[in-house]
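Asker: Here is how the chains run, residue by residue.
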Amino acid sequence: MTRFWERSIRGLGFCTLVVFLIASLTPIPNIIAARIQAAEVLQTSDAIIVLGAGTIAKGMLKDDSMRRTIRGIELYKRGLAPVIIFSGDERRNEPSEAAVRAEMARALGVPQEAILRLDRTRTTREESIQTADLLRQRNAKRITLITDSLHTRRAKRLFERVGLEVYPVYSADYATMTSPRDRLWLSMRVAQETLALIYYRLAGYI
Amino acid sequence: MDLFVAIFLVALTSAIAWQLSKRVRAGTGSLAEAASALLDWAGLFSLFFGANLALGVLFVLVVRSVTPFFVSLYLLDSVVLPILSAVQAFLLLHWWRGGQSGSAH
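So the protein lines, in turn, are chains W and L.
Each step along the first sequence adds one to the number in numbering that gives the first Met the number 0, with nothing skipped, and position 30 is 29.
Each step along the second sequence adds one to the number in numbering that gives the first Met the number 0, with nothing skipped, and position 102 is 101.
Chain W on its own, in the form it takes in the complex (with noise of 0.2 Å):
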């Protein structure tokens, strides 16, 4: 290896040290964080979205499906819309993560009627379109999109950008997260979403 190499390499290790030690030492990745994420607007709607997380497995929810889940049915008890949407694609024969989320609701009282699903959307961009075409057949127009507090801006205008009125609700936030563990993480997943913002805007769907 030549010494330019050597060096390069060296001051490289360095700067990845010196990151690793902001990005959990240091209020820095919640300031960046709380600058990416939408506003929260809670008042009433024509319907709840609850955007998809994931499942681990045979329905098991992952924990940000999950917690998405019970803010969507909390607002919905709080008579903050009349229809709540649970959106969550299918793994291979089992079922959707919408169908589960819908089942718990039920199980929660919500009454059936009342519950939406979008078995099928596997990007935020899809579940904004198939959103957008269920609401258009019930005439509504003003949603509740609840989703993780990083995700709000990226979701907030892709839903806006098929004429709906968007207000974001998180189901976590994640800003305030403050042990060196959480920061950690907070500072990787606000990499990621910064990167899904970038790439969005690329493509032209924001």
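Calculated directly from the structure, the hints in this document are not laboratory data.
Note that the Cβ used here is the ideal one computed from N, Cα and C, for glycine as well.
Any given hint could turn out to be false.
[Stated by the list, open to error] Some chain L residues near chain W, calculated using beta-carbon distances under 10 Å: (1) Met0; (2) Leu2; (3) Ser35; (4) Leu38; (5) Ala41; (6) Gly42; (7) Leu43; (8) Phe44; (9) Ser45; (10) Leu46; (11) Val65; (12) Phe69; (13) Ser71; (14) Tyr73; (15) Asp76; (16) Leu92.
[Said to hold, decoys possible] Each pair of labels, with its calculated beta carbon distance range: (17) L:Phe58 <-> W:Arg6: 30 to 36 Å; (18) L:Trp17 <-> W:Glu159: 57 to 63 Å; (19) W:Arg90 <-> L:Leu60: 54 to 60 Å; (20) W:Leu201 <-> L:Arg24: 57 to 63 Å; (21) W:Phe13 <-> L:Ser64: 37 to 43 Å; (22) W:Arg34 <-> L:Phe68: 34 to 40 Å; (23) L:Leu52 <-> W:Lys57: 25 to 31 Å.
[What the hints assert, rightly or not] Sample of chain L residues with no beta-carbon within 10 Å of chain W, all distances over it, derived: (24) Phe7; (25) Leu11; (26) Val62.
Dock chain L against the given chain W, drawing on the hints supplied.
Answerer: Quick look at chain L alone, frame taken from chain W:
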């Protein structure tokens, strides 16, 4: 709080390891050399991790555009990728160093 616990535990086990190394005369190199090796490893890890991620994104986008299959970018959101990148960096670093020490003799 968990930060202080972690620092305390690491400091304690490091002190024990240092004492034991002195007793069995295992530590013959300098700490500066060890720190340089850590920086080299961290640098190589970043390179490999970045390259693996970039290649993964490219792969997903190509599969999406030339086949009817949908592959999610969240496929790359895995704890396995950074661990394997760390292993890659470790092996390459020792391979290089082994080569250097071999040529020096």
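Asker: Look at each hint and say if it fits the structure.
Answerer: Do the hints match the structure? See the list:
{"no.": "1", "hint": "Met0", "verdict": "holds, 8 Å"}
{"no.": "2", "hint": "Leu2", "verdict": "holds, 5 Å"}
{"no.": "3", "hint": "Ser35", "verdict": "holds, 7 Å"}
{"no.": "4", "hint": "Leu38", "verdict": "holds, 4 Å"}
{"no.": "5", "hint": "Ala41", "verdict": "holds, 4 Å"}
{"no.": "6", "hint": "Gly42", "verdict": "holds, 3 Å"}
{"no.": "7", "hint": "Leu43", "verdict": "holds, 6 Å"}
{"no.": "8", "hint": "Phe44", "verdict": "holds, 7 Å"}
{"no.": "9", "hint": "Ser45", "verdict": "holds, 5 Å"}
{"no.": "10", "hint": "Leu46", "verdict": "holds, 7 Å"}
{"no.": "11", "hint": "Val65", "verdict": "violated, 16 Å"}
{"no.": "12", "hint": "Phe69", "verdict": "holds, 5 Å"}
{"no.": "13", "hint": "Ser71", "verdict": "holds, 7 Å"}
{"no.": "14", "hint": "Tyr73", "verdict": "holds, 8 Å"}
{"no.": "15", "hint": "Asp76", "verdict": "holds, 7 Å"}
{"no.": "16", "hint": "Leu92", "verdict": "holds, 9 Å"}
{"no.": "17", "hint": "L:Phe58 <-> W:Arg6: 30 to 36 Å", "verdict": "holds, 32 Å"}
{"no.": "18", "hint": "L:Trp17 <-> W:Glu159: 57 to 63 Å", "verdict": "holds, 59 Å"}
{"no.": "19", "hint": "W:Arg90 <-> L:Leu60: 54 to 60 Å", "verdict": "violated, 23 Å"}
{"no.": "20", "hint": "W:Leu201 <-> L:Arg24: 57 to 63 Å", "verdict": "holds, 59 Å"}
{"no.": "21", "hint": "W:Phe13 <-> L:Ser64: 37 to 43 Å", "verdict": "holds, 38 Å"}
{"no.": "22", "hint": "W:Arg34 <-> L:Phe68: 34 to 40 Å", "verdict": "holds, 36 Å"}
{"no.": "23", "hint": "L:Leu52 <-> W:Lys57: 25 to 31 Å", "verdict": "holds, 30 Å"}
{"no.": "24", "hint": "Phe7", "verdict": "holds, 14 Å"}
{"no.": "25", "hint": "Leu11", "verdict": "holds, 18 Å"}
{"no.": "26", "hint": "Val62", "verdict": "holds, 13 Å"}
Violation of the numbered hints given earlier is confined to hints 11, 19; the remaining hints are satisfied by the structure.
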